[in-house]
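2 protein chains.
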Amino acid sequence: MFDNKDSKTNLSELGEFGLIDHLTRFVEINQPSTKTGIGDDAAVLHFEDEEVVLTTDMLVEGVHFDLAYMPLKHLGYKAVMVNLSDVYAMNAEATQITVSIAASNRFPVEALEELYSGILLAAKNYKVDLVGGDTTSSTAGLIISISAVGKAKKETIVKRSGAKANDLLVVTGDVGAAYMGLQVLEREKQVFKVNPNAQPDLEPYSYIVERQLKPEARKDIPDLLKALEVQPTSMIDISDGLSSEIIHLCKSSKTGANLFEEKIPLDPAVISVCEEFNIDSTMVALSGGEDYELLFTLDQKDFDKIKGNPNLTVIGHMTEENEGMHLITRANQKIPIKARGWNSFEDEAE
Amino acid sequence: MFDNKDSKTNLSELGEFGLIDHLTRFVEINQPSTKTGIGDDAAVLHFEDEEVVLTTDMLVEGVHFDLAYMPLKHLGYKAVMVNLSDVYAMNAEATQITVSIAASNRFPVEALEELYSGILLAAKNYKVDLVGGDTTSSTAGLIISISAVGKAKKETIVKRSGAKANDLLVVTGDVGAAYMGLQVLEREKQVFKVNPNAQPDLEPYSYIVERQLKPEARKDIPDLLKALEVQPTSMIDISDGLSSEIIHLCKSSKTGANLFEEKIPLDPAVISVCEEFNIDSTMVALSGGEDYELLFTLDQKDFDKIKGNPNLTVIGHMTEENEGMHLITRANQKIPIKARGWNSFEDEAE
Chain A
1 MFDNKDSKTN LSELGEFGLI DHLTRFVEIN QPSTKTGIGD DAAVLHFEDE
51 EVVLTTDMLV EGVHFDLAYM PLKHLGYKAV MVNLSDVYAM NAEATQITVS
101 IAASNRFPVE ALEELYSGIL LAAKNYKVDL VGGDTTSSTA GLIISISAVG
151 KAKKETIVKR SGAKANDLLV VTGDVGAAYM GLQVLEREKQ VFKVNPNAQP
201 DLEPYSYIVE RQLKPEARKD IPDLLKALEV QPTSMIDISD GLSSEIIHLC
251 KSSKTGANLF EEKIPLDPAV ISVCEEFNID STMVALSGGE DYELLFTLDQ
301 KDFDKIKGNP NLTVIGHMTE ENEGMHLITR ANQKIPIKAR GWNSFEDEAE
Chain B
1 MFDNKDSKTN LSELGEFGLI DHLTRFVEIN QPSTKTGIGD DAAVLHFEDE
51 EVVLTTDMLV EGVHFDLAYM PLKHLGYKAV MVNLSDVYAM NAEATQITVS
101 IAASNRFPVE ALEELYSGIL LAAKNYKVDL VGGDTTSSTA GLIISISAVG
151 KAKKETIVKR SGAKANDLLV VTGDVGAAYM GLQVLEREKQ VFKVNPNAQP
201 DLEPYSYIVE RQLKPEARKD IPDLLKALEV QPTSMIDISD GLSSEIIHLC
251 KSSKTGANLF EEKIPLDPAV ISVCEEFNID STMVALSGGE DYELLFTLDQ
301 KDFDKIKGNP NLTVIGHMTE ENEGMHLITR ANQKIPIKAR GWNSFEDEAE
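So the sequences go chain by chain: A and B. One point on numbering: in full-length UniProt numbering, the residue at position 110 of the first sequence is 110, and numbering is uninterrupted. One point on numbering: in full-length UniProt numbering, the residue at position 144 of the second sequence is 144, and numbering is uninterrupted.
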């Protein structure tokens, strides 16, 4: 991915402190809550009358990403999205991130600059401050660990545990595209292995490939919910696929759920590429993951407030816990929902 | 380290969610500022009228630790200490941590339980809540990324940048022991390679080996400074050796410094093992690192408040920036202080 670069600077030439200074020299501070950023033992933050939310995620080369088709800049961007998505899933505003990176010496300084350029672009686009981190060497591969901080008024924070029977189940955007984007990229990688001169035409797949390589977290949804005067009863982000997230909401809220297959929002590009790959699109939506959309529940009385909004689709409703969790198919069959989300340990064991 | 265990459970048997539930089932919440801990998209924290401090550190197998002599429980404990030390270096109280772990499938569940037992012991001893994290697989080795949150009144926070010429330079405890502990452990590892039946007698080295394997962060120092009514002008923790940290304080504060060799506090065990290894003990104190003591400066008028305190040693004073940073030797020679602290990239390049 970065072997064609003209200039290569070995990490040891800069040293640990020099490298951190070098990579963070363009960092800007914009959040009023950031009092001290990078450069001390810890960042100093101040939040007025607001709750602080804190989340962390780790991405490991060979497990969560493959540099054969993931440009480093996109990887940096996506690593930030994964974390911000968790903040938005609390109905909070993301304010700060810290970034820790371990890289083997196969990565020159220029590669880490690429990675950081994606991280800083994400920070800029989403108005979060990079306030700390750690950069170190690894014996093998690249590992990125990001923590994100956000803020929200106590009364607006949404947990996974507040859903009640008869609440509507709502999803933002569409689902399944990131997974099918990955399938297309994997196929091109195999073609490339056989014929390195093959020029892939990814144009017909641009939407789904972009959903995989450059996902956007739903920063707009907490704002939209506020504008619509809607307070969800529970919420979660879709990182592991719809079925896995529905199970999380139901378990935390002690409810069941009915999900209607015909209601699941799919982009036309997902439907056509599922046909091409001969994969069931509902299965992709249920188990695909990495869409970073939000899944939430709300009281039926709020239905009129969200009705017709192009960002929001009602896909089902919650039930009593003893009724279980089911997919209602187009043929009106009732199929139990099982966790089939992405599982990094299973992937490894396969 | 963990191959002799009778029971071995492959990570994939539990799956990612099962593993996190399993490892965190004994987590207790004690801090009033923790509103929601593990189990949602993000933790929810609330701080009343106080600044929030945030820091993060990553430990990589083969770079920061060697499982040949580092028991996993100790590793977990130390990984927390490394982060809490940064919080105390802000003169703040540590309140929460998040823990992300990537482990290859050579680690059975029981190994991660050992690691977590050390993390939870540290959390208990230091009264911090484990409020989030991520557990995933890696393609090689073990990586631990921890973030720590703390709190402090705005007026008590101490940065690296407030030192002034003529301020006293003070260190807590003693330095150099962790580095010499590492030398002893490395030697035993080599002996073991040649003769696996050799029974090492580490008894004479117990203090220095413990400083390496089970360091304690100086949680007591912010309390002590408060009790003594001392507000340091600058502070940093000693992770990379005295010389490297003095340079950080001087650069951030735009001062120089004079460090007096004869004042550097060394434990008798360090002096005797330095003689045994034929290493200069001052060099060890300057460049050794991993002691997790605190280094701070304070106004000369506060000298009477700290005089004679067994936890605190005045080792020098700050000067004007243009005077530079110097070690004043026992022979009254003036030697420029250079960064020789631990550098993970240089270590790798060697």
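For the record, the hints were derived by calculation from the structure and aren't laboratory data. You may find that some hints are simply not true.
As the list claims (entries may be wrong) - From chain B, some residues computed to sit far from chain A (all C-beta separations above 10 Å):
id	residue
1	29
2	42
3	121
4	138
5	224
6	235
7	261
Unchecked claim - Computed Cβ-Cβ distance ranges for the label pairs, DEER-style:
id	chain 1	residue 1	chain 2	residue 2	range
8	A	192	B	62	41 to 47 Å
9	B	124	A	332	51 to 57 Å
10	A	330	B	8	44 to 50 Å
11	A	28	B	196	53 to 59 Å
12	A	338	B	187	52 to 58 Å
Beta carbons are placed, not taken as given, at the ideal position from N, Cα and C, and that holds for glycine.
For this structure, which hints from the list above don't hold up? Violated: hints 2, 4, 6, 8.
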